[in-house]
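**Student:** Letter by letter, the chains look like this.
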Amino acid sequence: MSAPGSARTARPAPSVPAGGGPATTIVRTALISLGVLAIVLGAWVLQDTVSTKQIWGLVSWLILAVIIHDGILSPVVAAISIAMRRAGHRIPPAVLAILQGGVVVGAVFTLIVVPEIVRKAKGPKNYTVTPLDYGLHLALLWAAVAVVTAIVVVVYLRVTRARRR
Amino acid sequence: MREMLYGLRRAVSSPNRNARTAVVIGRLLGAAFTICLFTGLYSHFLQDPASWMRFPTSPVSLYRFTQGIHITSGIACFPLLFAKLYAVMPQLFKFPPIKSVVEGLERGSIAIFVAASLVEIFTGLLDTFQYYPEPFDFRQTHFAMAIVIGGSLAVHIGVKLPLIQRYWLKKNSYDANGDFITPEEDVVPPSAQQTARARLAAQDLDEAGLRDPALVYSKGLTDDVVASRPPRGVVGRVFDWIDRTPQVDKMSSRRGFFASIGVTTAAVVAFTVGQSATPFTGINFFAPRKNGYGPNSLPINRSAAAAQVLETAMSPDWTLTVTRGDASNSFTLEQLEAMPQYEAALPIACVEGWSQMAHWKGVRLHDLVSLVGATEPESLKVTSLEKKGGYRIMLMGSEYVHDPSTLVALHLNGERLDIEHGYPARMIAPGRPGVLQTKWLSTIEVLT
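First to last, the protein sequences are chains A and B.
In terms of the numbering used here, the first sequence opens at residue 1 and continues consecutively.
In terms of the numbering used here, the second sequence opens at residue 1001 and continues consecutively.
No lab work stands behind these hints: they were computed from the structure.
Glycine residues also receive a C-beta, built at the ideal position from the N, C-alpha and C atoms.
One should not assume that every hint holds.
To be verified - Here are a few chain A residues that sit away from chain B, every Cβ distance over 10 Å (derived from the structure):
1) Ala30
2) Ala43
3) Gly101
4) Lys120
5) Trp142
6) Val155
7) Leu157
8) Arg158
As the list claims (entries may be wrong) - Pairwise CB distance ranges, derived in the manner of DEER restraints:
9) A:Ser60 with B:Leu1105: 20 to 28 Å
10) B:Arg1054 with A:Trp142: 47 to 55 Å
11) B:Thr1278 with A:Arg86: 42 to 50 Å
12) B:Pro1183 with A:Tyr127: 49 to 57 Å
13) B:Glu1343 with A:Val103: 46 to 54 Å
14) B:Glu1378 with A:Ile55: 36 to 44 Å
15) B:Pro1133 with A:Ile72: 17 to 25 Å
16) A:Tyr127 with B:Phe1055: 31 to 39 Å
17) B:Thr1034 with A:Arg86: 37 to 45 Å
18) B:Arg1054 with A:Val154: 58 to 66 Å
19) A:Val147 with B:Trp1241: 56 to 64 Å
With the hints as extra help, turn the sequences into a complete structure.
**Tutor:** Listed below in structure tokens is the structure:
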């Protein structure tokens, strides 16, 4: 068994496309040049249609997005993953993966739905906007995720036990 | 610095965080971004066309389809973007952090790409339920950032193309053992502790079992035992603790990763797409609109109160004035109803993504403008009773003016048009965004 993160030398696998041929170089050059042009065009459109004050507002949100993702969400996910690996070394790895999958489904839905709950609480502009009970639906979703995750774990354990016999 | 970055990188390494998983998720995310970009551009130019632009009026649900796809793939981007960022996260901790100016620019462009993508999809999501906490104008910024993101995507693919080709196929990405074949420049050397422990393990020894002070070992063994002990300092100890965390099973890790992302993406789409795709209405649990819910069994965007038309639209003196040059004709509601009435099934499809098919009855626009002598290629300037708002005045290209299904609608879904839907009369044309289906009509001017 190799130690975690140990050096594995890069071994060339059979029939690996060479990469970096003349066609690749042409495509790369075209993509990068077009891309840079588009970035410049986008920046020009931005300063042309949006006031300087708003551009600073946008810059603050861009920085905030990176801080929230790279500074908070990613380390939390990494920490949870390490904690689960340590705490769950007696749990079959597939079961651990299924539990993590359940958390992923619930977490992404929470992220998408919570702003909608906030918007509804602030009072929509008319009654046809956000007409559903999103808080209740989110709670039911978490319950459904818990039930489905439990069922998948039980089925997985039964199938693997049956195979071992 | 070097040990710090290598330590961080080892800490976040996982069998599902590698260039192959990044390529697999990247292909899906790239497709979703491209779909969003082009459907978004279509929507943008429908609302803000260049003078030479003409748009298809058939199929009538074309815009319903493109904008439904725009919002739905935008929502699908949430799990896909997080999965992509998750897969490439170890790349944050490179040593040396920046090797050259070109690489510095590339990493800078990725920072902009990631930040803009996160802000773009998040503010886009908020827009679907008319929530604007951002300190900048949504529409203009959404458009400009989309161009920047499209360009960044092209640069990113261009830079990474050799890597994408290298890991395009699964069989070239994993060795016979199922281990990922790491690119040479990404190989992270193990820590001194890991190397020492591996040497001890090779001799079937465990450093914890070699602590008896009464025993004397050979020099090499003693050195390895010492080297295997956790380093001093909190940071070193934490990294060593993480390094000694058992690695997860690689197959479970990768299958679990793809299954989680697949299920999440399918679920967020399935539980929201019902606001535009009728067959999914029954499982629409999270979309900001519900098909069939609203006056005349149809949701609304701008209410009559918000448009400040409650008095003017209900006034018995209301008339619709149609002009062309010096010719002018005013119609009361009774006069409009006395004209030949036509029915049309046309959708209301909103830029915010919700849409619904509806049944309209009213006067053919073509009939109305013919009365003031309008000819085939002429376009219109249509004004609403609205006091203010970006869509009070609407320009309509000739392709819609002369389409037989374009109506000045007086009835909706078998009832008199509700005040919220534009009473006494509104425009309804095929294949246009809802904001251009002007409600509470006041004047129609033929542009010659």
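**Student:** All hints are to be evaluated individually against the structure, with a verdict given for each.
**Tutor:** How the hints compare with the structure:
1. A Cβ of chain B approaches the Cβ of alanine 30 of chain A within 10 Å, the least distance being about 8 Å, so the stated non-interface status is violated.
2. Separation of alanine 43 of chain A from chain B is inadequate, the least Cβ-Cβ distance of about 7 Å not exceeding the 10 Å criterion.
3. A beta-carbon of chain B comes within 10 Å of the beta-carbon of glycine 101 of chain A; the shortest separation is about 4 Å.
4. The claim that lysine 120 of chain A is not at the interface with chain B is violated, since a C-beta of that chain comes within 10 Å of its own (minimum 8 Å).
5. Distance check for tryptophan 142 of chain A against chain B: the nearest CB is about 12 Å away, which clears 10 Å, and the non-interface claim stands.
6. The beta carbon of valine 155 of chain A sits about 14 Å from the closest Cβ of chain B, which is more than 10 Å, so the claim that it is off the interface holds.
7. Every beta carbon of chain B lies more than 10 Å from that of leucine 157 of chain A, the smallest distance being close to 13 Å; the non-interface claim holds.
8. For arginine 158 of chain A, the condition that its CB be more than 10 Å from all CB atoms of chain B holds, with the nearest at approximately 17 Å.
9. Taking 20 to 28 Å as the suggested C-beta distance range, the pair serine 60 of chain A and leucine 1105 of chain B conforms, at roughly 23 Å.
10. A beta carbon spacing of about 49 Å between arginine 1054 of chain B and tryptophan 142 of chain A agrees with the range 47 to 55 Å that was offered as a hint.
11. For threonine 1278 of chain B and arginine 86 of chain A, the hinted distance range of 42 to 50 Å is satisfied, since their beta carbons lie about 49 Å from each other.
12. Checked against the hint of 49 to 57 Å, the C-beta distance between proline 1183 of chain B and tyrosine 127 of chain A comes to roughly 56 Å, which is consistent with it.
13. For the pair glutamate 1343 of chain B and valine 103 of chain A, the beta carbons lie near 52 Å from each other, so the given range of 46 to 54 Å is met.
14. Distance hint check: the CB atoms of glutamate 1378 of chain B and isoleucine 55 of chain A are about 40 Å apart, consistent with the given range 36 to 44 Å.
15. Checked against the hint of 17 to 25 Å, the pair proline 1133 of chain B and isoleucine 72 of chain A passes, with Cβ atoms roughly 18 Å apart.
16. In this structure, tyrosine 127 of chain A and phenylalanine 1055 of chain B meet the distance hint of 31 to 39 Å, their C-beta atoms being roughly 32 Å apart.
17. For threonine 1034 of chain B and arginine 86 of chain A, the hinted distance range of 37 to 45 Å is satisfied, since their beta carbons lie about 41 Å from each other.
18. For the pair arginine 1054 of chain B and valine 154 of chain A, the beta carbons lie near 60 Å from each other, so the given range of 58 to 66 Å is met.
19. A C-beta distance of roughly 35 Å is found between valine 147 of chain A and tryptophan 1241 of chain B, which places it outside the suggested range of 56 to 64 Å.
Of the hints listed earlier, those the structure fails to meet are numbers 1, 2, 3, 4 and 19, in rising order.
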